[in-house]
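Protein chains: 2
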Amino acid sequence: MERIYASYWLETGDDPARAAEVIAGEQSSGTFVALATETPALKERSGARVEKLEILGHSTTPSLPGGMPAARYTQCRLELSWPLENTGASLPNLMSTVAGNLFELRQVSGLRLTGLRLPRAFVEAYPGPAFGIAGTRKLTGVTHGPLIGTIIKPSIGLSVEETVEQVRELVAGGIDFIKDDELQADGGRCPFDERVRAVMRVVNEHAERTGKKVMVAFNLTGDLDQMRRRHDLVLAEGGTCVMAVLNSIGLVGLQELRRHAQLPIHAHRAGWGYLTRSPQLGWDYAPWQQLWRLAGADHMHVNGLRNKFSEPDDSVITAARSVLQPVVPGVEMVSTMPVFSSGQTGLQAADTYAAIGCADLIHTAGGGIFGHPQGVAAGVQALREAWVAAIEGVPLQQHAGKHPALQAALEFWK
Amino acid sequence: MERIYASYWLETGDDPARAAEVIAGEQSSGTFVALATETPALKERSGARVEKLEILGHSTTPSLPGGMPAARYTQCRLELSWPLENTGASLPNLMSTVAGNLFELRQVSGLRLTGLRLPRAFVEAYPGPAFGIAGTRKLTGVTHGPLIGTIIKPSIGLSVEETVEQVRELVAGGIDFIKDDELQADGGRCPFDERVRAVMRVVNEHAERTGKKVMVAFNLTGDLDQMRRRHDLVLAEGGTCVMAVLNSIGLVGLQELRRHAQLPIHAHRAGWGYLTRSPQLGWDYAPWQQLWRLAGADHMHVNGLRNKFSEPDDSVITAARSVLQPVVPGVEMVSTMPVFSSGQTGLQAADTYAAIGCADLIHTAGGGIFGHPQGVAAGVQALREAWVAAIEGVPLQQHAGKHPALQAALEFWK
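Going down the list, the protein sequences come from chains A and B. Under numbering that gives the first Met the number 0, the very last position in the first sequence is 413; numbers go up by exactly one each time. Under numbering that gives the first Met the number 0, the very last position in the second sequence is 413; numbers go up by exactly one each time.
Hints listed in this document are in silico derivations from the structure and should not be mistaken for laboratory results. What you are looking at is a predicted structure, and each value in this text was computed from that prediction instead of being measured. Heads up, some of the hints might be wrong.
Since the list gives no way to pick out one identical chain from another, each pair is judged satisfied if it fits inside one copy or across any two copies.
In the DMTMM-like style, the derived pairs of lysine to aspartate or glutamate whose C-alpha atoms are separated by at most 25 Å in a straight line are [stated by the list, open to error]: (1) K413 to E20; (2) K307 to E20; (3) K212 to D185; (4) K42 to D192; (5) K211 to D231; (6) K212 to E236; (7) K51 to E1; (8) K137 to E391; (9) K42 to E160; (10) K42 to E168; (11) K413 to D13; (12) K42 to E20; (13) K137 to D231; (14) K42 to E193; (15) K307 to D13; (16) K212 to E160; (17) K42 to D185; (18) K42 to E164; (19) K307 to E78.
Same shape as in the complex, but just chain A:
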């Protein structure tokens, strides 16, 4: 029978084998006390199985409080598996199973979901993204290299007119992609409908004149009826992308948006920090993004190399690679496009390219574009040229010799 596999980093004050069995029990047929009704046959059929348990080390203090007191705590790599029959191919019930009550167990002084191997049934049950990399390239006309993107800033507080001014400058400057801030959905100063209409006038005019339609990810995060209505407005105005904050709407929110949408869904991960910032608790990005891709995320944020946040580069690279891996190896599903952001300039282009081995991504820069001494157009051009150099394997300084926008950028990028 097909099974679901989940890997964890576990720390326990208990005997690791016993702790593993307790976790497997809590997340399947067991409970705190032995029950006559939990027969060996039932357990064999429906219980979670401990597939692997590998001791990594020991410590004398627990990572997290509240667990059972012990003289020493053991860190392990744990893999559990469940029969698919327990949940069926259901994303919400998968979440309750692999990331439910187990984090609260007293046997646990640290627990982190590090990986997920799903059976093909999930790809059959869920649509995945409708556009992904190929669809996004088609809609933007960017056939090679990354989409050069930016974000409207200040995050919140601009009027519609001020927003449009920025968009006008960016569109004229040759940008491929613009996104709303995750805080800007339908604020009183910049209502969604007015913003979309005014921004799309600029985008459409430019597209009619030049043939290039800039993709704008309008943040429609809200209640479901609001999101549907806002999507329809974006579509009607000729827009080509909508954005939603995953943790704020939840799995059902994304599923329903995907079901309704005729545009790519730019998925923002705001709140990700509370799921991941303690290394001994919560979620790695790799298993987390699988759920959202299955539910339909076309673009997923992965932070950026040398970002302004607290995430180290190796974590960013692992996250980005995970987005480019199939959700279920060997089973076809439209590929989600990773989005690199936060403190980005052309200086990260070569390393990013080297780390993920392709340029199927959105690279967004704020100061890296707006700060260019020759203006926004030169900022966009410089970032694009940095990517050409990265892809062709030419050192940045050398490439800059023949490209004045890049040359000027190298003086302020840092």
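Position chain B against the provided structure of chain A, taking the given hints into account.
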């Protein structure tokens, strides 16, 4: 203008005042670099404000990794406020604002959302629970004292027939409330539809004979169309409650279920551990439950005193009290009923009653009922008698003198 207030426990390696401003900026009009477009007028109008910053202490090591290195780290109590205009009364956008990117900031080596004060507009924009305490009492006929409840165990793996056997015993034993396990939604061994039909036959027969309809919280967690259809089946079969796992369906999932539902929604918090288990990260229960109550949760889990999980009693009490507080003081909204569970028996009745000052709750026990030497009926009776003693202020031993079921229970409860 009305504002949203959020309190945090913050640890920072930076100057605390500067860290507070960075957090306020990141979650409103600011970004990592100074922008000419972030004018003083814009900041005054749309920026988050640091309302309070109180130093609590210092340490030489950071609680969480990834922050800026420092010789010492400062712990503080921080309160921020935002103009309601930034988000409007929108739960998903409130979440992005008070619990968005801020946890990832390098200025942060610990950050936990501890409180939320919302303007009245949220109560006007969202329905809150439709049934709550009063509606649940009406549907169950339990006019005083707690609902005595239990959960079907093993969590998963029972067939429909085996589930019905347990229900039959419980219903005959006088139970008020039964819930599915959070892992049991529509598994292959115990499909939702069959389970509901078979269980409700037993519940309905008993109700017809005795006038007492046991409330069964059927776990309908799933995709939205599944949840709606399952709700309708429960309703059609005469059921009086549905259950959903909040973290697995998300805010939009609960909102849409609430909009569709004609039955109380029993809200399970599986996954709560990853949001809360690190004391230096994530969410306190008090602000978290406010969002879900606004969205429509009728019953909310708060763990139990001396539970089998890692949560200490003071945290359980604070959580339970928060559920009984108004979401917005002075603004009427149906009251959500707290649910106490995990390792519960009558021994926790008096302390629970003393801690929250009322018995408007569901008290679920597994082993505390099934383990009774005289059977399930005596187990239910004993738990109910323990509550009578608690409410009347009679010592348990004394009350047991006149109540044999309680007397026998005291010999195995521990």
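Hint check:
1. Taking the shortest Cα distances, K413 and E20 sit within 25 Å of each other only across copies (24 Å), while inside one copy they are farther apart (51 Å).
2. In this assembly of identical chains, the alpha carbons of K307 and E20 lie at most 25 Å apart only when taken from different copies (16 Å versus 41 Å within one copy).
3. When the C-alpha separation of K212 and D185 is checked against a cutoff of 25 Å, the pair qualifies only within one copy, where the shortest distance is 24 Å, while the shortest distance between copies is 45 Å.
4. Only between protomers do K42 and D192 lie at most 25 Å apart by alpha-carbon distance; the minimum there is 23 Å, versus 55 Å within a single protomer.
5. Proximity of K211 and D231 under a CA criterion of 25 Å is satisfied intra-copy only: 22 Å inside one chain copy versus 49 Å between copies.
6. In this assembly of identical chains, K212 and E236 lie within 25 Å of each other by CA distance solely inside one copy; the values are 12 Å within and 54 Å between copies.
7. For the identical chains of this complex, K51 and E1 are intra-copy neighbours only, at 17 Å inside a copy versus 54 Å across copies, given an alpha-carbon limit of 25 Å.
8. With identical chains, the CA atoms of K137 and E391 are at most 25 Å apart within one copy only, with a shortest distance of 23 Å there and 72 Å across copies.
9. Taking the shortest alpha-carbon separations for K42 and E160, only the inter-copy value of 17 Å comes in at or below 25 Å, while the best intra-copy value is 63 Å.
10. In this homomeric assembly, K42 and E168 come within 25 Å of each other (Cα to Cα) only across copies, at 23 Å, whereas the closest approach inside a single copy is 64 Å.
11. Taking the shortest Cα distances, K413 and D13 sit within 25 Å of each other only across copies (22 Å), while inside one copy they are farther apart (49 Å).
12. Proximity of K42 and E20 under a CA criterion of 25 Å is satisfied intra-copy only: 12 Å inside one chain copy versus 54 Å between copies.
13. For a Cα distance limit of 25 Å, the shortest separation of K137 from D231 inside one copy, 20 Å, qualifies, whereas the shortest one across copies, 42 Å, does not.
14. Within a single copy, K42 and E193 get their C-alpha atoms only as close as 58 Å, which misses the 25 Å cut-off; across copies the closest is 22 Å, which meets it.
15. Only between protomers do K307 and D13 lie at most 25 Å apart by alpha-carbon distance; the minimum there is 15 Å, versus 39 Å within a single protomer.
16. For the homomeric pair K212 and E160, the shortest alpha-carbon distance inside one copy (20 Å) is at most 25 Å, but the shortest distance between copies (60 Å) is not.
17. Only between protomers do K42 and D185 lie at most 25 Å apart by alpha-carbon distance; the minimum there is 18 Å, versus 50 Å within a single protomer.
18. In this homomeric assembly, K42 and E164 come within 25 Å of each other (Cα to Cα) only across copies, at 19 Å, whereas the closest approach inside a single copy is 64 Å.
19. Taking CA atoms no more than 25 Å apart as the test, K307 paired with E78 passes between copies only; the shortest distance there is 24 Å, against 34 Å inside one copy.
Checked against the numbered hints listed earlier, the structure breaks none of them; every hint is satisfied.
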